[in-house]
Amino acid sequence: MKLKGEEKMSKKVLIVDDAAFMRMKLKDILEKNGYSVVAEAENGADAIEKYKAEQPDIVTMDITMPEMDGVEALKGIKAVDAGAKVVMCSAMGQQSMVMDAIRAGALDFIVKPFDSSRVIQALDKVTQ
Amino acid sequence: MTDDNSKYLEVFFEETAVHLQVLNDRVLELEEDPTDLEILNEIFRSAHTLKGMAATMGFDAMAKLTHKLENIFDLLKSQTIKADKKTIALIFDCLDTLSDIEADLQSGIDDERDVSALLDRLNHAAEGTTAEEEKEEVMPAEQWNTELQSIEMADMEVIQAAAAEGYQVFSLAVKIEDSSMMKNARVFLVMSKLEQHGDILYSEPHAEILENEDFGSVFKLLLLTKDNMETIEAAAKDNSEIEDVLIKMVTAEALCETEETTAKPEETSSIGKEEAREPIKDQGKAAKKKSSSKPMAGNHSIRVDIQKLDDFLNAVSELLIHRTRLEDLTKQHEIFEMREPLEQVARITTELQDLVLKIRLQPVSTVMTSFPRMVRDLGKELGKTFRLVIEGEDTELDRTVVSELGEPLIHLLRNSADHGIEPAERRKELGKDPEGLIQVTAYQEGNRVVLMVKDDGKGIDPQTIKESAEHKGIATEGLNEKELQQLIFHPGFSTAKEVTNISGRGVGMDVVKQKISSLGGTIEIISEVDKGSIFKINLPLTLSIIDSLLVKVETETFAIPLDIIEKVVEVQAGDIVETYGRSLYVREDEPVPVIWLKNELDLSQQEQSIQHLVLVQLGEYRYALSVNELVKQQEIVIKKLGKELKDVNKYLGATVLGNGEIVLILDVTAIANESVGEQHVQTI
Numbered sequence: 001m002k003l004k005g006e007e008k009m010s011k012k013v014l015i016v017d018d019a020a021f022m023r024m025k026l027k028d029i030l031e032k033n034g035y036s037v038v039a040e041a042e043n044g045a046d047a048i049e050k051y052k053a054e055q056p057d058i059v060t061m062d063i064t065m066p067e068m069d070g071v072e073a074l075k076g077i078k079a080v081d082a083g084a085k086v087v088m089c090s091a092m093g094q095q096s097m098v099m100d101a102i103r104a105g106a107l108d109f110i111v112k113p114f115d116s117s118r119v120i121q122a123l124d125k126v127t128q
Numbered sequence: 001m002t003d004d005n006s007k008y009l010e011v012f013f014e015e016t017a018v019h020l021q022v023l024n025d026r027v028l029e030l031e032e033d034p035t036d037l038e039i040l041n042e043i044f045r046s047a048h049t050l051k052g053m054a055a056t057m058g059f060d061a062m063a064k065l066t067h068k069l070e071n072i073f074d075l076l077k078s079q080t081i082k083a084d085k086k087t088i089a090l091i092f093d094c095l096d097t098l099s100d101i102e103a104d105l106q107s108g109i110d111d112e113r114d115v116s117a118l119l120d121r122l123n124h125a126a127e128g129t130t131a132e133e134e135k136e137e138v139m140p141a142e143q144w145n146t147e148l149q150s151i152e153m154a155d156m157e158v159i160q161a162a163a164a165e166g167y168q169v170f171s172l173a174v175k176i177e178d179s180s181m182m183k184n185a186r187v188f189l190v191m192s193k194l195e196q197h198g199d200i201l202y203s204e205p206h207a208e209i210l211e212n213e214d215f216g217s218v219f220k221l222l223l224l225t226k227d228n229m230e231t232i233e234a235a236a237k238d239n240s241e242i243e244d245v246l247i248k249m250v251t252a253e254a255l256c257e258t259e260e261t262t263a264k265p266e267e268t269s270s271i272g273k274e275e276a277r278e279p280i281k282d283q284g285k286a287a288k289k290k291s292s293s294k295p296m297a298g299n300h301s302i303r304v305d306i307q308k309l310d311d312f313l314n315a316v317s318e319l320l321i322h323r324t325r326l327e328d329l330t331k332q333h334e335i336f337e338m339r340e341p342l343e344q345v346a347r348i349t350t351e352l353q354d355l356v357l358k359i360r361l362q363p364v365s366t367v368m369t370s371f372p373r374m375v376r377d378l379g380k381e382l383g384k385t386f387r388l389v390i391e392g393e394d395t396e397l398d399r400t401v402v403s404e405l406g407e408p409l410i411h412l413l414r415n416s417a418d419h420g421i422e423p424a425e426r427r428k429e430l431g432k433d434p435e436g437l438i439q440v441t442a443y444q445e446g447n448r449v450v451l452m453v454k455d456d457g458k459g460i461d462p463q464t465i466k467e468s469a470e471h472k473g474i475a476t477e478g479l480n481e482k483e484l485q486q487l488i489f490h491p492g493f494s495t496a497k498e499v500t501n502i503s504g505r506g507v508g509m510d511v512v513k514q515k516i517s518s519l520g521g522t523i524e525i526i527s528e529v530d531k532g533s534i535f536k537i538n539l540p541l542t543l544s545i546i547d548s549l550l551v552k553v554e555t556e557t558f559a560i561p562l563d564i565i566e567k568v569v570e571v572q573a574g575d576i577v578e579t580y581g582r583s584l585y586v587r588e589d590e591p592v593p594v595i596w597l598k599n600e601l602d603l604s605q606q607e608q609s610i611q612h613l614v615l616v617q618l619g620e621y622r623y624a625l626s627v628n629e630l631v632k633q634q635e636i637v638i639k640k641l642g643k644e645l646k647d648v649n650k651y652l653g654a655t656v657l658g659n660g661e662i663v664l665i666l667d668v669t670a671i672a673n674e675s676v677g678e679q680h681v682q683t684i
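Chains A and B are the protein sequences, given in the same order. Sequential numbering from 1 applies to the first sequence in full-length UniProt numbering. Sequential numbering from 1 applies to the second sequence in full-length UniProt numbering.
Keep in mind the hints are simulated off the structure, nothing from the lab. Cβ coordinates follow ideal geometry from the N, Cα and C atoms, glycine included. Worth double-checking, as some hints may not be accurate.
[What the hints assert, rightly or not] Going by beta-carbon spacing under 7 Å, a handful of chain A positions derived as facing chain B: (1) F21; (2) K25; (3) V38; (4) T64; (5) A91; (6) V98; (7) V111; (8) K112; (9) P113; (10) S117; (11) Q121; (12) A122.
Please take these sequences and the hints and turn them into a complete structure.
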């Protein structure tokens, strides 16, 4: 696991979720697996700002958020950087939103409740 | 869930509480306006987030309940069902149970609450609509190969034409991991990736079935592409949660051999095209309504553990004590060189102190969030109609004070609802609005904060109080109407003829007064028969560092909070008159009752003549405290007395002076209560 982490050279991640609880949980999973969480955002607008400021290698994007939802934020980020790598975080029952996100350029999605290995698998795929 | 989630518990509880609060608040609003889509969207979001969090923590009962609840909100949003009384009641029941589960979890009980009855009710409420759980259809056995069940003539023509233009056609079978969730979206993702390499001609099962997730874990498709087989295989495999991929090149001839069917043309790539759901469109609107929703922490704030703040405050307090000590020493030894740097230290400590006090301020709304729901329930329970208006909920107080305020305020609210507001008929007779009004108002006044609980009910009749008091053996002689009304704060006093479920829980107004007093505050009642009552609470902004007057009673030094002191007078012969067993200071416009501190504080009677009276103002009342000597005015740090001394009620706490001496801080309200109460009893 460690070796794998070093190979990744600590990819920079921006975590976007309105629940601090989810951010903590995700951050833990990611940091245990060699990712470096460089910023967190709690709504879509914040996410776009943080993306511009931090230029992360990858973004995990919650879908349901107040102010600006994840799909809109994804579009916003894509407008800033067409090559942005965004993985959506979805809960059950949000298929259509996930599909919208994929259409808008999301590279993958993970489903809550998070399973650590799935999360890492998805991020590894996207950043390889 | 194998992850250890215990370390997230704190945040989980914190956010769960916020979401439950949002739900309670918004559902109350929904009850008023059952079709407001903005409210519904916010409700839905909160329920949704809650569900995700509960599921992540592995709290099954909570996750199941929120899941069903979310379902109901979804149906409300699509107007499939209506937010009628029954539905609202059901939602509130669910919210209550969720709060109970949360409380259980907080106290370490696992969430094993039986929620099946509620789940049944939720299912019932959603009945007649297609509940998403109920669609476990029998699926055709899936074959793990690249053989396609049916193919159309039209497709074959395309394949033939494409082959002529240098395209190839691959048949792919993709197996998604069994435990993978939201397989339909997974399919969509794989298809999107493949479409970057070519066109998907055909899928099995049909797009509609894939979209509805009515399939197992295998789907097959035909891809028209110019890329080679390895590239396509890699593109399909390069997705997470894909177990395996089979690929085979097909030719039109080979396909013709499989049986021909009449399936309708499907445009596979259009999965979900019609599904652009409403929530996205509504975001703009929701954003505009921002001000009325819960305040989100700004981008420039951070979350800090309360304990750290307390430690910070303690450290600053210590600093203050030692600064005072240094100042004392510098003066004693007349070290002039120390003066200037000490002044700097003093300036900085004052700044620090201001800062830490400000950091600890919390809006009173924190304890008021449950009030609207409580008042609604009270109305239903008592069969009365009244509304609650909260004003100035942004007013800030030290967090220790705020956290202690909930209980007394709830008591006052219950009291207003139960004893204050009359039944609608009676109100009509009096020419009042049949709907009662209960107001909670908060505002800052200088260094103190005023909180008022006001109702437009029947008020408190001084005569009723008088009779009741005499019946209970409390003396009422010489008391005017206002003073009679204050007797409701007397220990053991209750005007309720019968104990009701609402406010007669064995705790009286005296407990409220005690609590407020322990927070360094005062409470009084202003009431007029048939007009209403106002309970006015006056609290210090902070409990930690205050200005005080140090005085000597006999040989002991005590501190009196400066903000209640009106003035200090020197005592001359004839200033104090004894009447009805009470001592009165008569040099003011109205006589002021004298409190003999040495008696109240049980100090040895050395008969030193008292030199000064400290006149204090507690709410509307004034008292004169007898002291032997004035020491000085000083800023002090309040240290609470430990639990071992919880029965010692005459002191707010203690403080350490610069010279290391420990001084007790007088709780003047408590002392005044006891002193006046005793004198009344003595006169019977």
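Comparing the hints with the structure gives:
1. F21: holds, 4 Å
2. K25: holds, 6 Å
3. V38: violated, 15 Å
4. T64: holds, 5 Å
5. A91: holds, 5 Å
6. V98: With a closest approach of 4 Å, the V98/A hint holds.
7. V111: V111/A check passes; min Cβ-Cβ to chain B is 4 Å, inside 7 Å.
8. K112: holds, 4 Å
9. P113: Interface hint status for P113/A: holds (4 Å vs cutoff 7 Å).
10. S117: violated, 10 Å
11. Q121: Holds - the Cβ of Q121/A comes within 7 Å of chain B, reaching about 5 Å at its closest.
12. A122: holds, 4 Å
Checked against the numbered hints given earlier, this structure breaks hints 3 and 10; the rest are met.
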